[in-house]
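Letter by letter, the chains look like this.
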Amino acid sequence: MFSRAYKTIVTAPPLVWVTIFLIVPYALMFCYSFWSVSSGQTIVHSWNLQNYHELLRKPVYWETLLRSIWIAARVTLFSLALGYPLAYFLSFYAGRRKDLLYQLVIIPLWVSYLVRAYAWKTILGSDGVLNTFLQYVHLTSHPLEFLLYSPFAVVLTLTHIYTPFTILPIYAALEHIPRNLVEASTDLGATPTQTFWKVILPLSIPGVVAGATFAFVLSLGDFLAPLLLGGPSGIMISNVVVSLFGAAYNWPLGAAISLGMLVIVVNLLFLSEKLEKRWSFS
Amino acid sequence: MSADRPRSRWLPIHAVAVFAFLYLPIAVLILYSFNRQGVGGFPPHHLTLDWYRILFADDAIWDSVLNSVEVAFAAMAIALAFGIPAALALDRAQFPGKALFRRLVLLPLILPGIITGLSLLMLFNLAGKRLSLLTIVLGHGTALISVATTEVFAGLQKLDRAQEEASLDLGATYWQTFWRITVPNLKLPIIGAALLIFTLSMDEIAVSFFLIGRENTLPLEIWARLRRGITPEINAISTIIFVFSLIAIVLWYRLRVRAEGGTEIGAELLETSEPHP
Amino acid sequence: MATFKDSLRTQTADSQGPANPHLLSIRNVAKSFGRNQVLRNVSLDVAEGEFLTILGESGSGKTTLLRIIAGFETANSGELWMGSERLDGQPPYRRRVNTVFQHYALFPHLTVEQNVAYGLRVAKRPEAETRQRVAEALAMVKMTAQASAKPSRISGGQQQRVALARALVNRPRLLLLDEPLSALDANLRRQMQVELKSLQREVGTAFVFVTHDQEEAMVMSDRIALLRSGELEQVATPREIYSRPATSYVAQFIGHTNLLKGEVQAGTVRCGAISWRTELPDGPALFSLRPEHIRPVQGASSPGAVRVRGHLLHQAFQGSTELIRVAADGGMVLTMRVASGSSLADHLEIEFSAADAVAVRESPERI
Numbered sequence: 180m181f182s183r184a185y186k187t188i189v190t191a192p193p194l195v196w197v198t199i200f201l202i203v204p205y206a207l208m209f210c211y212s213f214w215s216v217s218s219g220q221t222i223v224h225s226w227n228l229q230n231y232h233e234l235l236r237k238p239v240y241w242e243t244l245l246r247s248i249w250i251a252a253r254v255t256l257f258s259l260a261l262g263y264p265l266a267y268f269l270s271f272y273a274g275r276r277k278d279l280l281y282q283l284v285i286i287p288l289w290v291s292y293l294v295r296a297y298a299w300k301t302i303l304g305s306d307g308v309l310n311t312f313l314q315y316v317h318l319t320s321h322p323l324e325f326l327l328y329s330p331f332a333v334v335l336t337l338t339h340i341y342t343p344f345t346i347l348p349i350y351a352a353l354e355h356i357p358r359n360l361v362e363a364s365t366d367l368g369a370t371p372t373q374t375f376w377k378v379i380l381p382l383s384i385p386g387v388v389a390g391a392t393f394a395f396v397l398s399l400g401d402f403l404a405p406l407l408l409g410g411p412s413g414i415m416i417s418n419v420v421v422s423l424f425g426a427a428y429n430w431p432l433g434a435a436i437s438l439g440m441l442v443i444v445v446n447l448l449f450l451s452e453k454l455e456k457r458w459s460f461s
Numbered sequence: 015m016s017a018d019r020p021r022s023r024w025l026p027i028h029a030v031a032v033f034a035f036l037y038l039p040i041a042v043l044i045l046y047s048f049n050r051q052g053v054g055g056f057p058p059h060h061l062t063l064d065w066y067r068i069l070f071a072d073d074a075i076w077d078s079v080l081n082s083v084e085v086a087f088a089a090m091a092i093a094l095a096f097g098i099p100a101a102l103a104l105d106r107a108q109f110p111g112k113a114l115f116r117r118l119v120l121l122p123l124i125l126p127g128i129i130t131g132l133s134l135l136m137l138f139n140l141a142g143k144r145l146s147l148l149t150i151v152l153g154h155g156t157a158l159i160s161v162a163t164t165e166v167f168a169g170l171q172k173l174d175r176a177q178e179e180a181s182l183d184l185g186a187t188y189w190q191t192f193w194r195i196t197v198p199n200l201k202l203p204i205i206g207a208a209l210l211i212f213t214l215s216m217d218e219i220a221v222s223f224f225l226i227g228r229e230n231t232l233p234l235e236i237w238a239r240l241r242r243g244i245t246p247e248i249n250a251i252s253t254i255i256f257v258f259s260l261i262a263i264v265l266w267y268r269l270r271v272r273a274e275g276g277t278e279i280g281a282e283l284l285e286t287s288e289p290h291p
Numbered sequence: 006m007a008t009f010k011d012s013l014r015t016q017t018a019d020s021q022g023p024a025n026p027h028l029l030s031i032r033n034v035a036k037s038f039g040r041n042q043v044l045r046n047v048s049l050d051v052a053e054g055e056f057l058t059i060l061g062e063s064g065s066g067k068t069t070l071l072r073i074i075a076g077f078e079t080a081n082s083g084e085l086w087m088g089s090e091r092l093d094g095q096p097p098y099r100r101r102v103n104t105v106f107q108h109y110a111l112f113p114h115l116t117v118e119q120n121v122a123y124g125l126r127v128a129k130r131p132e133a134e135t136r137q138r139v140a141e142a143l144a145m146v147k148m149t150a151q152a153s154a155k156p157s158r159i160s161g162g163q164q165q166r167v168a169l170a171r172a173l174v175n176r177p178r179l180l181l182l183d184e185p186l187s188a189l190d191a192n193l194r195r196q197m198q199v200e201l202k203s204l205q206r207e208v209g210t211a212f213v214f215v216t217h218d219q220e221e222a223m224v225m226s227d228r229i230a231l232l233r234s235g236e237l238e239q240v241a242t243p244r245e246i247y248s249r250p251a252t253s254y255v256a257q258f259i260g261h262t263n264l265l266k267g268e269v270q271a272g273t274v275r276c277g278a279i280s281w282r283t284e285l286p287d288g289p290a291l292f293s294l295r296p297e298h299i300r301p302v303q304g305a306s307s308p309g310a311v312r313v314r315g316h317l318l319h320q321a322f323q324g325s326t327e328l329i330r331v332a333a334d335g336g337m338v339l340t341m342r343v344a345s346g347s348s349l350a351d352h353l354e355i356e357f358s359a360a361d362a363v364a365v366r367e368s369p370e371r372i
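Protein chains in written order, with my numbering: chain A, 180 to 461; chain B, 15 to 291; chain C, 6 to 372.
In case anyone wonders, no lab produced these hints; they're calculated from the structure. Hints are not guaranteed to be accurate.
[To be verified] For each label pair, taking beta carbons as the anchor points, the in silico distance ranges come out as:
#1 B:84 - A:241: 56 to 62 Å
#2 B:77 - A:241: 42 to 48 Å
#3 A:305 - B:80: 55 to 61 Å
#4 B:60 - A:377: 55 to 61 Å
#5 C:369 - A:380: 50 to 56 Å
[Claimed, not checked] Straight-line alpha carbon distances no greater than 25 Å define the calculated DSS-like cross-link-like pairs of lysine-lysine that follow:
#6 B:112 - A:186
#7 B:143 - A:186
#8 A:456 - B:201
#9 B:172 - A:456
#10 A:277 - B:172
#11 B:201 - A:186
#12 C:202 - C:147
#13 B:172 - B:112
#14 A:453 - A:377
#15 C:155 - C:129
#16 C:147 - B:201
#17 B:172 - C:155
#18 B:172 - B:201
#19 B:112 - A:453
[Said to hold, decoys possible] Footprint (simulated), chain B over chain A, 3 or more residues, beta carbon under 8 Å:
#20 254-265
#21 304-311
All C-beta atoms in this analysis are idealised placements derived from N, C-alpha and C, irrespective of residue type, glycine included.
Bound conformation, chain A alone (with noise of 0.2 Å):
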């Protein structure tokens, strides 16, 4: 019903917008990651592998991507932990008073970053408000250390940042389960844990599949949190690049890794919506 104008004039602007700014800038980083800086502080535009070989070469980068991909790991791992039971209660449990605990999820969600992160910097100091308050009930007669600018710090505060995320999605999986097929579990003699395990579980592997794309993804290609929180053991591959084009001055080698970085999460996300077709049935 719509004519081809109609659809050229919604189509082409968007696309236009973001081939520069989308397209242009991806191929420009591809650029990046084959030139060099020459030691005049300019970059050259001539094509080798060079940055590709230094970052083979040399176990500091490797080391960093791991611990990186360690700290994502965690993160998600106790995100799931505390959003699957949270999300199964409201969808099976909360009864009337599931709207208000949503909302309740949903704020967290989209209130801003720096302000919780800060939150728990003020928090996790060494005079800061856990350690003062541990010592003031005598439970500590020195402040803990490890408790900021550690590993510590940083998955603690990106596993608060991203529970939210890995909730919603889950949720929205378990309210789509149909309710009558959990009854007819129950029917067919299952006990509620059976139900569980056999039913619930496996119709709500695409929301777990999202949320945990989520938390991993957003939580591996993060630099803030480290930097506010994280300390020198604290450092994430994000922190590298962010010295490469501040600092270093490398842009070439930082555009490789970012370049990787973009590789492994559209790899992920490509695997997620994978998993996610297989185990929806509808």
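Start from chain A and add chains B and C according to the hints.
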């Protein structure tokens, strides 16, 4: 249905614990914005409004707030101007590369901000564009088109196509039909998207981090101060940010409930999979 | 109120060009969605002021044909002419055709009055004229009292009337109605059938009405176009289509019938144990015989009647009449309609006049 289901004892306890984990840090933050002694120290005592007084006299902060508001409005305009047509295109046009286009539009929503920020930095650098609030606007606009597109697309899926057919049938052109029928029917998703985009832009830091020129947005101003050490003044401004976010989010939620009539709102923003055909 | 209807009439009379006596000519229209052929070579003319029903089962392509006339779909081939004006290729908003949608498609954010005024407002008619025409249109469908209500606040039958007023207020040359009564319950439906038909007579605008309900088609139409799997089976008046069905499909789709398969040889049809004279050429032949044309033999046979013996199989009560299934000698089963309460013996003789057995073409099996 939940009435005749066996109730679990530990599920509500877990729920309370998770909510505590989500909200306690924010509560602590707010509490210490009233603490004369500073950010640390337990228990807080000598509650005072001094930090707010200092904050309100702090011109640098309020300049950055103004910058952020300007950026947020401009980013909102861009994201809506391109995000709404993108949703229409995804809903009703067929063109080669449509699947790729959909993925690309939605990508910045899930991509770590650093990648969006850096790739745009390289673009502006190559184009010889000096970093300024404008480059931040372009960055936010690009990243938040996805929000407008998802929200409006969800609205379009619920829009009865016969409405627009009836309008065309009654002699309205496509342009008249868009303004008289399509937009009024999408009023709630569009307002909701605008609110969300505004709030997210006000809070955005990862993309802005790379595109900042001489003038700071509010989050970047706070960030710069955090590097120099923390004072309850930051708690005070954070509290104000929190209150404004809260208002915006609750408003958005109410709009969505009216538009959808369900309690599953917002989930599609986090859906990466294929939108329903 | 009268002025509104009069104005519609003048409008249609004026536009009658001498070049083409038909208001709308559909010529060889074909349409497929992907591999699914929905319409094949459909040609149909609509005359000024007539009530034409496109009748067909779901999936027969009737709604697609309507959408092609309205301009929401484009035919793969064929032409649409309105008088001497080529219609296909024109966007929907340029066609002097309006539609009453299946679920009315009233704009929920506009009041009843604003809905009806919509077409005039987008055409930028003077406001005074718009107001007057809207008031007349609302009066015509007796909806003046609900003018400022939102569509969600009025009943289904009222929505139906508003949709009708919203379309007619634009003085279309042709009104399309896509199963407009299907959402109403049976009683209201019958009432609206009568209302719609008398409204159409008054305003004189040509209606093209789509339905799957053959009774509705019979009650309302001047002509019926029966569509099957994208092809027209027959276009005729309700009487003709009932009494002279062209094909076995038409005969079975409209009302009850008995299909008799026979063999013509030298002017005689042989059909199981029975036979009668015919003018058909030699070869196989198929006949449609309506149940009401079969009757039990009482006393002397009427001249020229075909008789057969049989025994009673089943009796279905239908109010004023009953449908009786009779197993005739020779293995054939015939259905006959008799007045309720007729007393029938288990073994009986039945008869029909040869003239009532109408030769029909055999419709090919299609999915």
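Here is how each hint holds up against the structure:
{"no.": "1", "hint": "B:84 - A:241: 56 to 62 Å", "result": "43 Å, violated"}
{"no.": "2", "hint": "B:77 - A:241: 42 to 48 Å", "result": "43 Å, holds"}
{"no.": "3", "hint": "A:305 - B:80: 55 to 61 Å", "result": "36 Å, violated"}
{"no.": "4", "hint": "B:60 - A:377: 55 to 61 Å", "result": "58 Å, holds"}
{"no.": "5", "hint": "C:369 - A:380: 50 to 56 Å", "result": "54 Å, holds"}
{"no.": "6", "hint": "B:112 - A:186", "result": "12 Å, holds"}
{"no.": "7", "hint": "B:143 - A:186", "result": "33 Å, violated"}
{"no.": "8", "hint": "A:456 - B:201", "result": "32 Å, violated"}
{"no.": "9", "hint": "B:172 - A:456", "result": "23 Å, holds"}
{"no.": "10", "hint": "A:277 - B:172", "result": "24 Å, holds"}
{"no.": "11", "hint": "B:201 - A:186", "result": "21 Å, holds"}
{"no.": "12", "hint": "C:202 - C:147", "result": "16 Å, holds"}
{"no.": "13", "hint": "B:172 - B:112", "result": "21 Å, holds"}
{"no.": "14", "hint": "A:453 - A:377", "result": "22 Å, holds"}
{"no.": "15", "hint": "C:155 - C:129", "result": "23 Å, holds"}
{"no.": "16", "hint": "C:147 - B:201", "result": "32 Å, violated"}
{"no.": "17", "hint": "B:172 - C:155", "result": "19 Å, holds"}
{"no.": "18", "hint": "B:172 - B:201", "result": "13 Å, holds"}
{"no.": "19", "hint": "B:112 - A:453", "result": "19 Å, holds"}
{"no.": "20", "hint": "254-265", "result": "holds (count 4)"}
{"no.": "21", "hint": "304-311", "result": "holds (count 6)"}
In summary, the numbered hints that this structure violates are 1, 3, 7, 8, 16.
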